[in-house]
Amino acid sequence: MAEARYYDIRCTKGEITLIDIDNGLIESAGTSYFDRTVVRVLGPEGWGILTRDHVDIDSTREIVALVEEAARLAAVTGDRVDLADAPRSLLPVPPLTEDPRDIDLEEKTRMLAEIEGAARIPEVVNTRARYTEGIDSVRFLDSSGNEYSYEAVRSGFSVLAIASRNGMMQMGSERDHTTTGFNLRGKQDLGRKAGEVAVSLLGAKLAKGGSMRAVLDPELAGVFTHEAVGHASEGDLVREGASVLAGRIGEQIGCEGLVIVDDPSLHEFGFIPVDAEGVAVRRTEIIRDGVLSSYLHNRETLAAVGDGVPGHARAEHGAPPIVRMSNTFVENGDAAYDEIVAECRDGILLIGSRGGQVDPGRGIFQFNAEYGYLIRGGETTDMVRDVSLSGEILSTLHDITLLGNDLKMSPGYCGKGGQTVPVSDGAPHILLENATVGGRGA
Amino acid sequence: MNREDLIDRVLREGERQADEVEIFYVRGQGVSARIKKGVLGTAEESETWNMAIRTVRDGRIGFSSTGDPDRWRECLDAALASGTIAAPQQWGGFPKSAAIEGTAYSADPNLIVEIEDAAGMVRDLLEGAAEHPVEVIGGAADLARSYLGIANTGGLFYGMERTVAAVSLEAIREQSTGYEFDASPFPADISARATGEMAASLAARSHGGRDIETGRYDIVLSPIAAASILGQILLPALSGRNVKAGRSFLADKIGEQIFDERLSVYDDPSAPGLGSATWDAEGVPTNRLIFVQQGVLDRFAYDLKTGYRYGERSTGSAVRPGGGEPGIGVHNLFIDGPRAGDVGEERAVWIHDVVGAHTANPFSGDFSVEISNPFWMEGGEQTEPIRTAMFAGNAFEMLRDIGGLGKDDRRVGRLTLPSIRLCDQQIIGT
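Those sequence lines, one after another, are chains A and B. Heads up: the first sequence begins at 66 in our numbering, then just goes up one per residue. Heads up: the second sequence begins at 222 in our numbering, then just goes up one per residue.
Since the hints were made in silico from the structure, they are not lab data. In this text the structure is predicted, and so the values were computed from the model without any measurement. Just so it is clear, CB atoms sit at the ideal spot from N, CA and C, and this is done for glycine as well. Treat the hints with care, since some could be wrong.
So these bits of chain A aren't anywhere near chain B, every CB distance computed over 12 angstroms [to be verified]: (1) Thr-125; (2) Arg-126; (3) Asp-150; (4) Pro-157; (5) Thr-162; (6) Tyr-213; (7) Ser-214; (8) Arg-250; (9) Leu-331; (10) Glu-444.
Estimated spans, in silico, between C-beta atoms of each pair [claimed, not checked]: (11) Asp-411/A to Gln-515/B: 41 to 51 angstroms; (12) Ala-351/B to Tyr-402/A: 47 to 57 angstroms; (13) Glu-171/A to Gly-543/B: 21 to 31 angstroms; (14) Asp-471/A to Thr-305/B: 44 to 54 angstroms; (15) Asp-338/B to Glu-350/A: 43 to 53 angstroms; (16) Leu-90/A to Glu-352/B: 51 to 61 angstroms; (17) Gly-315/A to Glu-434/B: 35 to 45 angstroms; (18) Gly-548/B to Glu-179/A: 21 to 31 angstroms; (19) Asp-150/A to Val-260/B: 57 to 67 angstroms; (20) Lys-473/A to Glu-434/B: 33 to 43 angstroms; (21) Glu-171/A to Gly-548/B: 22 to 32 angstroms.
The following block holds chain B by itself, in its conformation from the complex:
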């Protein structure tokens, strides 16, 4: 049975036992060339196929998935069985087919999934790293293409392609490490050579850092450091499910000035990016969503299930990491605002990345992390490396009054953001 016939068969079979059935499937292919100790050490190729089934009967949602097409009947039965246990809820149906506007900038027709191409990117990474006196300890170049499809018993049937080109490199000079990475649907967007050079430069320049005394300092979070902290704390707080469940710090603050008026936060699924999509993981058309406009909280993100349950509309924010059960997420989240002057002009501590962001408290916003590749910054330049320190703060408090946004917007996974200057923050030195 070919794949399309299988989808149709599962829908028809499922419909006999449920009010509605939905299938989400992914098939993909990827190659990865990995660097081991300065040379191409391992070459990998993978093929994946996964089918996720949801059934709805009397407002009870069932779910199962399988990586084995031969087990489709078992998977359908498991979804139906799961639906008998789930709590019933208000349900208004899966989406019908709609005229989808625009295009998703999520795939590059010219991207070829070949190990030789990935090996070429590894050569570029290593060439870039060779510009500085460091050892390369690891890294990788990945190329992948996947097809995502969604179909439901209401007649909806959408498909889209995604491509990813990604590079990373880790370098060391004595006890000073540097890590850099880049990823995009479009290979032309990324420069393996520049990524290799930046990682090596970080390791080389961080060597010989001096201690810093415990105290309060102005700091500049690089886009990577800001994405690590905000990804852990701000993103969950914008999820409608967390809001309605009483797990979001922002729950009762719609209309309030929660952040500095220079900060806006929005999801733009139509922008080119790793999460670019015209429909979400449930087949709901996506829209540009402004969560925070000039510091004022405007809205939260919903999927169908949370939306129907609490009388809200789906915002087209369903995502499926790994192709499994849908949840609420973001497509291409931007943290944006007016840029004035240079955030590194006056003396501050520049923080390239943080260690341990996942240990933050997402409900209170409190975190304390070790910082990576910190430098003293002045006159727009990273002048002198700092050896080691911790940074402790509260993500919601620190965004209430910022020192400014940099002009260096950067894509970090599904987030795009500039560096952020923050005043009077707690640094714990040695």
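The shape of chain A in the complex, shown without the other chains:
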């Protein structure tokens, strides 16, 4: 038999329920099933990884055969991998306020339709709402005798409104996802807000591009944190030489007082009770008082790089674990919102997020706001649309000049290496100097 220094097996089976309502019509509503298993074997050098549907994890014969097969794969690798020891424990999963399985599909559809209907205000030409519910039943075991199982329940929705006037189209969208129970009740106000934003944007101006002062709202500042700091602190990117933060532990990379954290143990949308390698999860301070203090690690990257905390391995169904963020945020400062806008004097207030992307090796990131307002003389004035920001990881954190006191988390999904996992990001309002705003207005 090919040599196996270590193996683990992670089986995720469960259900996904999706409801799609488009312009008042129920396009689809139903449940699908999956059952995926990933077997990893560490050979003399690197990993051999197998993915299969429908494996009987209790059948020793089946497991032995799969481990043997994965060991054969591992034999072709040439990258010596070692695994650091890491603490083990399984956190309790937060109790569900209401189990979504107790509500029938028809009732869920009716509630989603109310949210979608609330977005349909004058000048809105299209509304669409989608409900997503995932029930994951996870089982893990490894060759060191560790074993755990847990169930994760996620429930949430997104709503989109498109408004049109004289051939121009603008959109507003809202979403809310939780890991603590059924999440469709009493959410019509989010539908209405999506409609109102879409209609307001019909009268908004294009932003003028250039370098300026910017106030980011908690949602956008959360995405900024995720893109500007989070990815570059992931141990796999650091190890592979793909992060500008490599070799900078102990260096002042941001303003004094800045604390940036990733905490998988928080009961936010990125919560995991244990990581995908069976390692205990805990709060990790990536930046402490402006100084880079920890990388996010799995066992492999902790052994190779050091300077950080393990327990950050995550995996999509049927995919191998990689180092990921979970709940990433900037701790509160002490500035009030009004003070931040007044201090900005002339600049731009940016609200909401359409996502972002980073090239961590080059140290450049981009992210996009849903809308914003120009700030003149310390007051918000005209509404603007289609505004992106870009920045450079190594300089941008020094440009934060005020931290608000109103931290708020927002749920979302993050893509890396072809895998998508639920995360949350957050921050208080922040004031940023020298922000590069990508607008095409005159």
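For this one, chain A is given, so just place chain B on it according to the hints.
Chain B alone, transformed into the frame defined by chain A:
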């Protein structure tokens, strides 16, 4: 029960409770050799099986899928239950078996799904990258083969094979990165060595870039950059569902000159490519579809559901990413037109790729993205690297008057397109 018997059983069982039943299934096998820090770090192999069921009763469509054959009855029940909630609509039936003409150039009988072959491609990638003074940070070689089958209670039963060979490599020189990739059903079409060399060359040549001032410039979008932006904005606007739902910028513009007369956009499912197919994901025969002819918008894409609902015919444009519920998409989309001269002859900013295309506004066409590996271009040559900048524009406006199409057609996923020169575009520098 073998797989064919299972299909038959589900159809027969479903037919007792619904007017019509359709099954789409995929079984596949793939290997992947991944590069970690310049060596082969991880070897992966996967097997997948998925069955998607649609039921139709009184114009209500139900759907469910499962990756576990033992749960077929639960899956069928879930599809039927889902059908009781979906809004009823006009429905003219699943397609009957037809004489399918032509061949899909979607599979290579010689492609072998073996990790040793993928490992060989990794060696070629690394050998190519070694031609430049860079560090290789990541990359992969993938080989996959899958079988797609569709059957319905009208007697239709089609099957086809797909193969994919794909390579990618990411390199870095100090703070300058370069990424390249290639994919085809046919391993002979791709050169792992050339892909490795190009990625390393990009990282090496982009090193030491200078700043650019904010202003308006002529630019050349590489096929990759153009595919990133147009994939996000143009493709959704051609979907009949978005058109009928009021979500497409192009909705009321059939017959209008929407783009430069040098631009045509068409889907050619019979061309060799990753989406090559003689029938679509609902079993409807595919055809060459011309969406935009010499700048004039001619038609939109439909699947059965949207077609029946709005009195349009399916254009054979149904696709199923991941084997799930069908939606409207493209098979092999070409952006094409006459080529005259060299798009990089006169001074312009060359943009290799963009960061953040997914944040574009697909309804208005507005986008503002960070650009990757930009160069000053002159006399057909990339002369001097530019450090960093953003590019802000509107995808529909910028195609109304283009500066020309390059001679460098390239396949980027399901799109095939040349580089595109655009005049007077907004660049935001530092």
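Notebook entry, point to check: Going back to the hint list, which numbers does this structure go against?
Noted result: Checked against the structure, the only hint that fails is number 19, while the rest are satisfied.
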